[in-house]
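Following the hints, complete the assembly by docking chain B onto the known chain A.
Number of protein chains: 2
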Amino acid sequence: MKKLSDFVYGIVGLGLMGGSLGKAIRENILSVPGCTGKIYGSDINSASLDLASRQHICDRVFSAEDVDSMLGECDFVYICLYPHATVDFLKQHRDSFKSGSIVSDISGVKALVFDSLNDFYRPDVDFIPGHPMAGSEKEGYANSSGGIFRNHNYIVMPLETNSRENVELFKTLVGGLGFTRVVETDAKIHDHKIAFTSQLCHVIASSLVDSAEDDSITAFGGGSFEDLTRIALINAPLWTELFLANKRELLSHIDKFTESLGRLRDEIEKGEDEKIRLYLENVRTRRMAMARTDLKCGK
Amino acid sequence: MKKLSDFVYGIVGLGLMGGSLGKAIRENILSVPGCTGKIYGSDINSASLDLASRQHICDRVFSAEDVDSMLGECDFVYICLYPHATVDFLKQHRDSFKSGSIVSDISGVKALVFDSLNDFYRPDVDFIPGHPMAGSEKEGYANSSGGIFRNHNYIVMPLETNSRENVELFKTLVGGLGFTRVVETDAKIHDHKIAFTSQLCHVIASSLVDSAEDDSITAFGGGSFEDLTRIALINAPLWTELFLANKRELLSHIDKFTESLGRLRDEIEKGEDEKIRLYLENVRTRRMAMARTDLKCGK
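Protein sequences, first through last, are from chains A and B. Okay, so the first sequence: first residue is 1 according to the working numbering, each after it adds one. Okay, so the second sequence: first residue is 1001 according to the working numbering, each after it adds one.
What the hints contain is simulated information worked out from the structure, not anything from laboratory work. Certain hints may be false.
Unchecked claim - Just the calculated beta-carbon pair ranges, DEER-fashion:
id: 1; chain 1: B; residue 1: Ala1142; chain 2: A; residue 2: Glu184; range: 34 to 42 angstroms
id: 2; chain 1: B; residue 1: Ser1053; chain 2: A; residue 2: Pro237; range: 55 to 63 angstroms
id: 3; chain 1: B; residue 1: Ser1096; chain 2: A; residue 2: Arg263; range: 40 to 48 angstroms
Each residue gets a CB set at the ideal place from its N, CA and C atoms; glycine is no exception.
Pulled out of the complex, with its shape left as it was, chain A reads as follows (with noise of 0.2 angstroms):
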């Protein structure tokens, strides 16, 4: 069976975490004396091509007219596009990929991707759908970077009809690249659980930058404010599409968020003192234990 460090990648679309995956794969992976691994990679913007081939991190570059050509040589794709365009690109691509390869994405969401494997499906192609639990408030191959992956989490999500040695080949990749927690789920859970870590988050933080009444709050600033609001440079047509494609979880994540905050809300009307200091304390306690999780994988 052929190493990770001889395969040949293939990276559909060099965007922020496409470049990101290419440079932790060139950095951690194609690293090894004597390996023959090559990593090629395909955007829609020939500027990300020509950086990503000046860096030395893609071997060999394609336009997205010319894509077909390139998944027909890769023996692991990453399809690191938008949830809708990975959705279609699988679609229209379904041909293209090279019997015996490996094939995932990056969706924040699964349900959309899930419901439409049939019509990408090929028993000779192994399609192990993932999320790499990382990203940056910054866009773009320009901002990419092979270390933003250290000490995360790697959600996969394997089907029935994946190899397990495949399954288990693509952890080692995934934990070469340095994430440190690969947590095996499925599609359900992940978006219901997702919809809470990340886009709830995302959905506060805008909403608190929204709610500030002016601009220069900054100015009395303790970084709290700062902390929280990160996340609010967001990328607006990406997470327009994530809180769309994942509305049902993320509405009920709302609503159970915005009854625990009126809970708080109204002690604090009453005045009452002792209620908000168990509430809080039980808070504690709890991020507390969360804490403990992240520290248990290495963190």
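For chain B alone, coordinates are given in the frame of chain A:
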């Protein structure tokens, strides 16, 4: 006029903030060659006093019972207590401060301090209200550090009775401790702004943790949830007091935030992608402007 490096500093309350201020004074103000300045400290916790002595942060320490003899020797007294305790202390020990001394506090809510000004006013002691916008989710002297103030904001609320010379001296001290921006304002504006940048953020972070369905949610985290809830490792008694002491302002900000959140929620429910995108683009633009407010001040 005496130089800051020759002052006798008295710190009332050697917790996280008092300890950090003591260390920052030792490291930055009393490190001038030949200076004669000293730091005295008082606390109800004798272990904190012992540690501050052994670490050579305090030249002399005083039990709470002996604090009056300390106050009589200090050129500058930092009251580092909770808001109500600050007011109580200033009233009870009004007659013990050294004539000509400067006194400041660190209370995160100022209305209750200003409401009591007449109860502890002395024409020969300059009380300059202030609020260092820095802290930590870790409590107590053992977690204090002289470095936590670097690049942070300090809010000063001079009184009409303050000598301008003393206010400038205080601002020089604060700059020496590492704070890069000193904002001068009044108690009303302070409490209104701080209810947003600080208290509302702690309310949101706490409600977000409270609404989590289980404590292993961080296995699905990518950093956003962790960043939004670090401040939920909250000092429950202190923040209960802060929330209630600034209730009116805090409630108005919670309501405005809830309204913004509800608007985004409804747009998501109705699937209005164009409105969501505009909401998020406006948020991104505003957050970038807020970051520039930081940058202007050397952050």
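Hints versus structure:
1. Ala1142(B) to Glu184(A): 34 to 42 angstroms: For Glu184(A) against Ala1142(B), whose Cβ atoms are near 41 angstroms apart, the range 34 to 42 angstroms holds.
2. Ser1053(B) to Pro237(A): 55 to 63 angstroms: Hint holds: Cβ distance 59 angstroms, inside 55 to 63 angstroms.
3. Ser1096(B) to Arg263(A): 40 to 48 angstroms: holds (44 angstroms)
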